[in-house]
Amino acid sequence: MKKNTYDTKTLQGMIGTLQAYWAAQGCTIVQPLDMEVGAGTFHPSTFLRAIGPEPWRAAYVQPSRRPTDGRYGENPNRVQHYYQFQVVLKPSPDNIQELYLDSLRALGVDPLTDDIRFVEDNWESPTLGAWGLGWEVWQNGMEVSQFTYFQQVGALECKPVTGELTYGLERLATAIQGVDSIYDLVWSKSPQGIVTYGDVFHQNEVEMSKYNFEFANVELLFQQFNAYESESQRLIDVGLPLPAYEMALKASHTFNLLDARRAISVTERQQYILKIRRLAKAVAESYYQAREALGFPLCQEKKNAR
Amino acid sequence: MRAKKDNFLVEIHTEELPPKALSRLAKSFLQEIKDRLTKAQLEFKEAEFYATPRRLAVFVKGLASEQPEAIIERKGPAIDAAFDAAGNPTPACIGFAKSCGTTPDKLARIKNKQGEFVGLQQTVPGKSVCELMPAIVSESLAALPIPKRMRWGSGVVEFVRPVHSVIMLYGRDVIDAEILGVRTGRETRGHRFHCRKTISISQPSVYLKRLEYPGYVIADFERRKAMILEQANAIVESSFGENIHPLITPELLDEVTGLVEWPVAILGDFDQRFLEVPSEALISAMQDHQRYFAVVDDEGKLLPHFVTISNIESRDMQRVIEGNERVLRARLSDAAFFFETDKKRSLESRLEILKGIVFQAKLGSVYDKTRRVSQLAAYIAKALGEDETLAARAGMLAKTDLTTEMVGEFPELQGLAGYYYAKHDGEPAAVATAMNEQYMPRFSGDQLPETKIGCILALADRLDTLLGVFGINQAPTGDKDPFALRRAALGVLRILIEKELNLDLQDLLTQGLAHYERPLENQEVVAQVLNFISERLKPWYQEQSINPDVFAAVAALGITRPYDFHRRIQAVQAFKQLQDAESLSVANKRVSNILAKYDTQILAKDIDADLFENDAERELASQLEVQSLAIAPLYGEARYMDVLSQLSHLRQPVDNFFDQVMVMTEDKNQRENRLLMLAKLRALFLQVADVALLQTR
Chain A
26 MKKNTYDTKT LQGMIGTLQA YWAAQGCTIV QPLDMEVGAG TFHPSTFLRA IGPEPWRAAY
86 VQPSRRPTDG RYGENPNRVQ HYYQFQVVLK PSPDNIQELY LDSLRALGVD PLTDDIRFVE
146 DNWESPTLGA WGLGWEVWQN GMEVSQFTYF QQVGALECKP VTGELTYGLE RLATAIQGVD
206 SIYDLVWSKS PQGIVTYGDV FHQNEVEMSK YNFEFANVEL LFQQFNAYES ESQRLIDVGL
266 PLPAYEMALK ASHTFNLLDA RRAISVTERQ QYILKIRRLA KAVAESYYQA REALGFPLCQ
326 EKKNAR
Chain B
2 MRAKKDNFLV EIHTEELPPK ALSRLAKSFL QEIKDRLTKA QLEFKEAEFY ATPRRLAVFV
62 KGLASEQPEA IIERKGPAID AAFDAAGNPT PACIGFAKSC GTTPDKLARI KNKQGEFVGL
122 QQTVPGKSVC ELMPAIVSES LAALPIPKRM RWGSGVVEFV RPVHSVIMLY GRDVIDAEIL
182 GVRTGRETRG HRFHCRKTIS ISQPSVYLKR LEYPGYVIAD FERRKAMILE QANAIVESSF
242 GENIHPLITP ELLDEVTGLV EWPVAILGDF DQRFLEVPSE ALISAMQDHQ RYFAVVDDEG
302 KLLPHFVTIS NIESRDMQRV IEGNERVLRA RLSDAAFFFE TDKKRSLESR LEILKGIVFQ
362 AKLGSVYDKT RRVSQLAAYI AKALGEDETL AARAGMLAKT DLTTEMVGEF PELQGLAGYY
422 YAKHDGEPAA VATAMNEQYM PRFSGDQLPE TKIGCILALA DRLDTLLGVF GINQAPTGDK
482 DPFALRRAAL GVLRILIEKE LNLDLQDLLT QGLAHYERPL ENQEVVAQVL NFISERLKPW
542 YQEQSINPDV FAAVAALGIT RPYDFHRRIQ AVQAFKQLQD AESLSVANKR VSNILAKYDT
602 QILAKDIDAD LFENDAEREL ASQLEVQSLA IAPLYGEARY MDVLSQLSHL RQPVDNFFDQ
662 VMVMTEDKNQ RENRLLMLAK LRALFLQVAD VALLQTR
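Those sequence lines, one after another, are chains A and B.
Reading the first sequence from the start, the letters are residues 26 to 331 in my numbering.
Reading the second sequence from the start, the letters are residues 2 to 698 in my numbering.
Worth flagging that the hints you see were computed from the coordinates, not collected in a lab.
Among these hints, one or two may not hold up.
[As the list claims (entries may be wrong)] Covered stretches of chain B, going by a simulated chain A footprint (3 or more residues, C-beta under 8 Å):
id, stretch
1, 162 to 176
2, 300 to 314
3, 334 to 345
[What the hints assert, rightly or not] Below, a list of computed lysine-lysine pairs in the DSS-like style, where the Cα atoms sit at most 27 Å apart:
id, chain 1, residue 1, chain 2, residue 2
4, A, 184, B, 128
5, B, 6, B, 149
6, B, 302, B, 344
7, B, 302, A, 235
8, A, 306, B, 6
[Said to hold, decoys possible] Restraint ranges, calculated between C-beta atoms of paired labels, are given here:
id, chain 1, residue 1, chain 2, residue 2, range
9, A, 232, B, 350, 47 to 55 Å
10, A, 127, B, 444, 38 to 46 Å
11, B, 320, A, 263, 53 to 61 Å
12, B, 148, A, 184, 20 to 28 Å
13, B, 481, A, 127, 51 to 59 Å
14, A, 137, B, 231, 23 to 31 Å
None of these values were measured; they are calculated from a predicted model.
We put the beta carbon where it would ideally sit given N, CA and C, even for glycine.
The whole structure should be built from the sequences, with the hints applied where relevant.
Here it is in structure tokens:
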């Protein structure tokens, strides 16, 4: 591999390093999904590609939103908008842990200096009808990544199994840069000086926290949720799993906003989760059928494979 | 021929296994293998397990190379059919000999009950270790208690985590097999970072040593655990003196042992100012979230330090310490922030929020539950002569801490958070203490509430839940008990009995039911809950070595006050040790049978002394009178042991009566008079228990 030319002591340098590293491992570097999602798992490159027999390797940054985690920019470790770097390898290769550790080495982490640990953490997403087994990865006691072997997605068995690696970029950066607050992270170093995470995002955290907790229009959100839900169902019925999935994602984020506004009681909450789960399940099935109808194109031998 | 013996080793090398389950998995792997060796009659000297985050292994010392020879007897045709008149073998006999691979002249004669036959004793050699072990290991792995198995890659094999290699050695030889989709061999891996090359194991006996050097792995779970304990103690004592200790629970020690292959203890600090946060929250952040050992002094006071066990000998230990301190700082800042934020709002003001939280769809909100619990608590307080207002207040505030940020982040602090916030709000001390005590006992064998209000709240909360869940017909079935009702029932019994609260469950449940605003679906709810709670008594007493017959003797009375029940149990248990007990129990049985068989109504009301025929009869009547007067005050004070020892004086009169008096005489008046005496005798005992149910020799 070519010598790393990125400055891994900056957030943007980390992203460049990870993209170059995983591209060299045969991952297709795709771009973030242009919709509000809670995690990189919701990106079609993970959720949908994990379904069915087709092999797949991809990596990407995914901006992620969790409205209830907003802290008005006052908490040094919690934000309602953050970045995940997501890698999916399907089927999961035998050396997947070594590949991950080498990516940390590429970021300048020395596992004989820093104490790196794989600590049991089993993942389940009630809204996606998905679960897997794996670990959270610790660097000197800090959780910097999640590592999951998908067993089921959209209630379908994963065969083959997708290995999912999710780096919490802010977490990892605070560990690498040795700072206490996300807002003090160096995003870039430029001739004009250092740009910090706070420079880029602090105002956003303050305003979005206000929106999420105080100003989001509850009535409108309920209307939107219902519209997205029925729209998603309608699209499933006409055999368009991809647009149906987008509608389900919109419904999911709308639900998260309603949750942040505390507009949904505990029992209702379960009902809403089940509604989204039902959509995710239907999308998964529909997507599988669509790929099957196409003859699972990625299973065909590539003419130009090297 | 004696089989030769050698050592056996199996190692499953995997990705990181769940640390909490590790020792259980390894121990059951060992047990499953031992059981199967025994079943296969493969002798061995001893066996032990090794376990690290990345391996499960079993070492068997002195394992026989094969099963013992088995001698089997094959029976052929009967002698008559085997030889003709001339004594020559018949075709049947020749055929049988052939099937045994021999000739008729080599056959023996077998005699048994059915007659005499030709036959052959054959010695079958035992199977070898190499033939048997692959199946023994595979079956043992399949039997491990793994809650969720997983697949990986494109394979179909399932295990706890992906498997990378399997060692299976007998002496110096590899036992060739495919285990969990992997070909067996003699190679394994050492420490993930300290030893990056494969390690070859020449024979089982060198496994531990080779893994330690060059492997940087302490494979022996118990030894690694001891090292962690020693290192943690040493690092704290060398820094702070011998009055300061790491706080190490057995569960956490096991878990930490399951997280490292090469333990290196390090010591970190946190800011003094965090000590203002309830220490339980700090300990929870350290233990449950970070797997650190907290540090305390001799009095148990928390100090601003922690011990964590690293998995490497770091090139820069200071960096590892600082990293861990940074994580803890973030967690403790959260806890401190929550504590300060929560205190800005009183518990009382949080009642409003409870209205929006559903306890159970059919049972209303948590607020509804709170209101019921408060009313029931007040009722119980009144029954016990305690302060009703305090109990009602405790009931109202009991669940308010569920809405705090602190409990949101540290759910295990429910109750305790309520205690701190109630104190901060200036609630009475008894109310604050009850906030925490309501959840006691939290687990089997846990301590009980110490205060009366705490006991009252703990009872009211559990009884209300039992009533509600039974009321909507969701009683536990099999292993499904989502509301932990079995534990709740046992908690109720333990509090009533051990705290000596003589309350009537029937009454409490009836009261509790009255507090439901809408009627519950299940009409039989009080009887069912009462029965459910009572069912817990039997196993509970069994654990305390109370004989089942003693239990049955008391249970027969249908007592609904558990503490009263308990005192009777103690009395009957003591009574059973008395010299006269056996004879009295037999007499009670006899009386019970006589009375049960007599189906004519007895018209006489009182015992008539004029009908007595002899002294035995007279004596029993007078003793019944004497004892009945003697026990009345004792019974009134529930001194059941004294009642029974008083009644034991009846033994001689009763024995004499049965020796000398015929109960079922022709004379109706005399007969009824005698039956009346017996009924009176029986009634006296039945005030305490049905001693007729006691086992007699």
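So, going through the hints one by one against the coordinates:
1. 162 to 176: holds (count 3)
2. 300 to 314: holds (count 4)
3. 334 to 345: holds (count 3)
4. A/184 - B/128: violated (39 Å)
5. B/6 - B/149: violated (38 Å)
6. B/302 - B/344: holds (23 Å)
7. B/302 - A/235: violated (41 Å)
8. A/306 - B/6: violated (58 Å)
9. A/232 - B/350: 47 to 55 Å: violated (28 Å)
10. A/127 - B/444: 38 to 46 Å: With a Cβ separation near 44 Å, residue 127 of chain A and residue 444 of chain B satisfy 38 to 46 Å, so the hint holds.
11. B/320 - A/263: 53 to 61 Å: holds (57 Å)
12. B/148 - A/184: 20 to 28 Å: 21 Å Cβ-Cβ, so the 20 to 28 Å window holds.
13. B/481 - A/127: 51 to 59 Å: At roughly 46 Å between Cβ atoms, residue 127 of chain A and residue 481 of chain B fall outside 51 to 59 Å, so the hint is violated.
14. A/137 - B/231: 23 to 31 Å: holds (24 Å)
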